[in-house]
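Visitor: Assemble the whole structure, with the sequences as input and the hints as a guide.
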Amino acid sequence: MKHKTFFWFVLPSSLAMLLFIFFPIVSVLIQSVHVDTEQVIKEVTNCGPFGCETITAVDQEATQALKRENPIGRFAGFTTYLDRRHLAIDEVRAAWSTSNGIGSFIKQLVNLPFYKAMSFTLAFTFIVTPLVIIFGFIIAVAVNSAAKWMRGPLIFFSLLPMLVTPLIGALILFWMVDARGIVGNALQYLAGDPTLSVKASTPLTWIMLMVYGVWHSAPFAFIVYYAGLQSVNQDTLESAMIDGASRWEQIRYVIIPHLLPLTTFIALMQLMDNFRVFEPIVSFSAEAHATSLSWAIYNDLGGETRQLSSAAATSVLTILGICILLLPVLVRTWRDFTRK
Amino acid sequence: MLLRKLTLAVSLALSANVAFANCGDISGTVSIVGNEFPAIQTVAKGAAACASDAVEVISNLTADHQKINLAGMQGDPAEYTTAIIANSSIIALMNDDVIRPLDDLIAEHGADIPKSNLITIDGKVMAVAFMANSQHLAYRKDVLAEIGVEPPTTYEELLAAAKMIREKGIMENPVGGAYKSGWNLAQEFVNMYIGHGGEFYNAGTAEVAINNPQGVATLEMMKALTEYMNPDFLTHDSNATNAEFEAGNTALMNMWGSRIGVLMDDEGAEEVVYSNVAVGGPMTVGGGTTPATTLWWDGWTVAKNTSDENAKATFMAMKNGTSPGILNDDTMGEAVWMIEGYSPAPVNAGVFASIKAGAKPYPMLPYHGLLHTALGDNLSDYLQGKESAEQALADTEAAYTTAAKEKGFLN
Numbered sequence: 001m002k003h004k005t006f007f008w009f010v011l012p013s014s015l016a017m018l019l020f021i022f023f024p025i026v027s028v029l030i031q032s033v034h035v036d037t038e039q040v041i042k043e044v045t046n047c048g049p050f051g052c053e054t055i056t057a058v059d060q061e062a063t064q065a066l067k068r069e070n071p072i073g074r075f076a077g078f079t080t081y082l083d084r085r086h087l088a089i090d091e092v093r094a095a096w097s098t099s100n101g102i103g104s105f106i107k108q109l110v111n112l113p114f115y116k117a118m119s120f121t122l123a124f125t126f127i128v129t130p131l132v133i134i135f136g137f138i139i140a141v142a143v144n145s146a147a148k149w150m151r152g153p154l155i156f157f158s159l160l161p162m163l164v165t166p167l168i169g170a171l172i173l174f175w176m177v178d179a180r181g182i183v184g185n186a187l188q189y190l191a192g193d194p195t196l197s198v199k200a201s202t203p204l205t206w207i208m209l210m211v212y213g214v215w216h217s218a219p220f221a222f223i224v225y226y227a228g229l230q231s232v233n234q235d236t237l238e239s240a241m242i243d244g245a246s247r248w249e250q251i252r253y254v255i256i257p258h259l260l261p262l263t264t265f266i267a268l269m270q271l272m273d274n275f276r277v278f279e280p281i282v283s284f285s286a287e288a289h290a291t292s293l294s295w296a297i298y299n300d301l302g303g304e305t306r307q308l309s310s311a312a313a314t315s316v317l318t319i320l321g322i323c324i325l326l327l328p329v330l331v332r333t334w335r336d337f338t339r340k
Numbered sequence: 001m002l003l004r005k006l007t008l009a010v011s012l013a014l015s016a017n018v019a020f021a022n023c024g025d026i027s028g029t030v031s032i033v034g035n036e037f038p039a040i041q042t043v044a045k046g047a048a049a050c051a052s053d054a055v056e057v058i059s060n061l062t063a064d065h066q067k068i069n070l071a072g073m074q075g076d077p078a079e080y081t082t083a084i085i086a087n088s089s090i091i092a093l094m095n096d097d098v099i100r101p102l103d104d105l106i107a108e109h110g111a112d113i114p115k116s117n118l119i120t121i122d123g124k125v126m127a128v129a130f131m132a133n134s135q136h137l138a139y140r141k142d143v144l145a146e147i148g149v150e151p152p153t154t155y156e157e158l159l160a161a162a163k164m165i166r167e168k169g170i171m172e173n174p175v176g177g178a179y180k181s182g183w184n185l186a187q188e189f190v191n192m193y194i195g196h197g198g199e200f201y202n203a204g205t206a207e208v209a210i211n212n213p214q215g216v217a218t219l220e221m222m223k224a225l226t227e228y229m230n231p232d233f234l235t236h237d238s239n240a241t242n243a244e245f246e247a248g249n250t251a252l253m254n255m256w257g258s259r260i261g262v263l264m265d266d267e268g269a270e271e272v273v274y275s276n277v278a279v280g281g282p283m284t285v286g287g288g289t290t291p292a293t294t295l296w297w298d299g300w301t302v303a304k305n306t307s308d309e310n311a312k313a314t315f316m317a318m319k320n321g322t323s324p325g326i327l328n329d330d331t332m333g334e335a336v337w338m339i340e341g342y343s344p345a346p347v348n349a350g351v352f353a354s355i356k357a358g359a360k361p362y363p364m365l366p367y368h369g370l371l372h373t374a375l376g377d378n379l380s381d382y383l384q385g386k387e388s389a390e391q392a393l394a395d396t397e398a399a400y401t402t403a404a405k406e407k408g409f410l411n
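Sequences listed follow chains H and A, in order. Each residue of the first sequence is one higher than the one before, counting from 1 in my numbering. Each residue of the second sequence is one higher than the one before, counting from 1 in my numbering.
Read the hints as simulated data drawn from the structure, not as lab findings. One thing to keep in mind: the hints can contain errors.
What the hints assert, rightly or not - No farther apart than 25 Å at their CA atoms in a straight line, the calculated lysine to any residue pairs in the SDA-like style are these:
#1 K124(A) - Q60(H)
#2 K115(A) - A95(H)
#3 K141(A) - A247(A)
#4 K107(H) - N212(A)
#5 K405(A) - A95(H)
#6 K116(H) - K141(A)
#7 K124(A) - V44(H)
#8 K42(H) - Q74(A)
#9 K67(H) - K124(A)
Since the structure is predicted, the reported quantities are computational estimates derived from the model, not experimental observations.
Guide: Structure, rendered in structure tokens:
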């Protein structure tokens with residue numbers, strides 16, 4: 001393709017990316033290195049239906065004057081990134097010097113909001129992603145070997161979890177694992193413990209969120225693998241059969257190598273998606289047991305006083321986190337690309 | 001649920017017909033943003049009665065109103081000409097200077113608004129209140145009669161009653177509470193801390209000071225209560241707490257006055273539950289005299305970034321929406337209306353008791369929203385037994401201080 005043709009070909013999408021991806025990220029970056037201007041506080045008398053009282057309030061005139069001088073706030077450099085709600089450098093250092101062992105250090109570390117969110121986010125990402133790939137693969141192979149007339153309905157049912165809106169799907173599961181719900185009750189019966197409550201226990205809540213994550217995402221891996229299975233070279237498969245390869249050996253030496261590039265694609269998508277885990281935490285009301293970076297952003301913006309700089313800093317850290325996670329996969333793809 | 005919505009729609013339509021429109025000579029656009037519950041819907045209907053060829057009245061009532069009202073009023077002209085808010089949420093609008101003083105409009109057109117409904121901040125009227133709300137005791141008459149105990153007036157008595165109910169085998173977890181991690185949990189701390197006579201800040205500053213004996217006593221009382229709650233209490237908001245009560249699983253709880261009506265109607269519960277619901281006043285704690293609850297008002301504001309024409313139309317429409325004309329048999333029980341002609345129903349006795357008992361209003365401080373968020377994020381570790389009360393309070397203080405620095409309240 002000529003350079004000129006190529007240029008005109010990619011111009012619309014480059015412009016869209018510039019406008020809708022690049023500029024917003026730049027604005028978030030700028031927001032994250034600024035904090036609000038100083039709020040001038042004064043004492044005022046407030047009156048209402050329940051009487052009068054003297055309290056503090058923001059001196060609007062003085063504060064607005066300061067805001068006009070610095071419309072985007074005070075430049076703060078990386079202080080927001082380093083403060084207690086994000087990387088918490090000072091607190092981590094203090095925890096390191098006061099703790100008398102790695103156990104107590106970790107305990108102090110996960111007491112800090114960012115590391116608490118990271119511990120769950122990373123656990124979720126690294127447990128759910130491989131399970132999604134494994135389950136997706138098993139379902140795809142199973143559906144593919146079913147009788148032709150059954151495949152349509154089977155595919156439909158296998159895709160259902162992905163079709164359900166995440167919030168709704170999570171809410172349904174949330175009520176099922178309630179101590180009086182069908183799953184919760186069954187668990188109590190199986191464990192022989194009538195007071196067992198999934199929602200009240202941190203480890204069980206984590207497991208529940210991860211089960212939900214696998215349930216919701218496995219259909220995605222399934223449909224990608226199923227599409228890949230349709231293009232498996234039948235000649236190779238037949239010759240393997242003639243050579244006396246068992247069913248397992250056919251999968252291991254013919255099908256899995258064929259589907260490997262798809263696995264890279266699924267892993268890439270799932271790593272990104274799972275690192276941004278959010279909906280199940282809200283639907284399961286699991287804030288007390290598990291938080292994630294996305295949830296922290298939501299929490300900063302959802303309070304009565306919005307904390308934009310803090311949310312912006314968490315957003316930038318999320319982007320960095322995804323870049324680091326994807327690095328090995330991207331490097332691999334690049335190597336494969338240059339080898340050819 | 002659908003049936004309830006239908007009846008609601010019908011009753012609202014009926015009430016809109018009888019609403020008496022006295023809107024004066026106005027023109028322009030009235031755009032309302034507010035929370036969604038029956039009382040607010042009634043007000044919006046009352047305001048909509050002012051619609052005419054010259055006046056357009058639109059309303060956006062949603063539970064997520066706090067997430068959109070500020071952004072919708074920051075533009076010039078503002079998307080919303082009025083926001084219906086409460087004493088905590090007016091602060092966010094004040095902090096960003098998006099609502100206008102109403103003194104001139106009141107002088108010209110609002111002489112008939114009761115003085116006590118005017119929310120005056122630093123000498124300027126910034127909002128007009130129309131209803132009051134508060135949390136107070138709700139209990140099951142039949143259960144308390146069975147154990148032979150009077151309705152508790154202190155949290156210590158409530159604990160004793162809960163113990164008896166459990167020991168008699170009537171209910172396993174007799175206490176209900178909206179202890180969901182986040183806003184609800186923080187609200188319960190604020191209630192209990194005020195009941196213990198605690199002060200949130202060093203006087204006249206934005207420096208937080210809750211890591212003290214009152215703070216520890218507050219958390220210990222909350223933990224003692226959770227021993228008698230459903231183990232899932234950290235996932236229960238007000239709706240779920242009400243549902244537990246309606247299911248007959250709890251007998252004692254601290255509940256919002258505006259949500260008692262749902263308990264007393266014959267929907268969603270068996271007869272033995274809804275016919276035995278009774279309300280008491282707010283409870284005190286630790287031998288204190290200040291009730292462990294907060295008083296709330298709901299009121300309306302007028303946007304700053306809107307034309308004088310729209311501001312006047314908004315003022316008149318909202319005045320009409322909160323005038324005695326909106327009160328009828330259907331709307332009377334929806335709230336504790338601060339409107340002339342209102343006669344309290346039994347469901348509202350608790351809010352009246354709160355006002356009479358000298359309960360304090362929820363703190364209207366510019367930085368209190370940040371502390372509320374910090375409390376909601378940091379107290380659940382203690383209630384789960386993962387850390388000490390002192391540690392939870394220290395975490396809260398540190399989280400608040402970080403946020404207050406970012407917002408420019410502390411240096």
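Visitor: When the structure is checked against the list of hints, which entries are broken? Sort them ascending.
Guide: Hints 2, 6 are the ones this structure does not satisfy, whereas the remaining hints hold.
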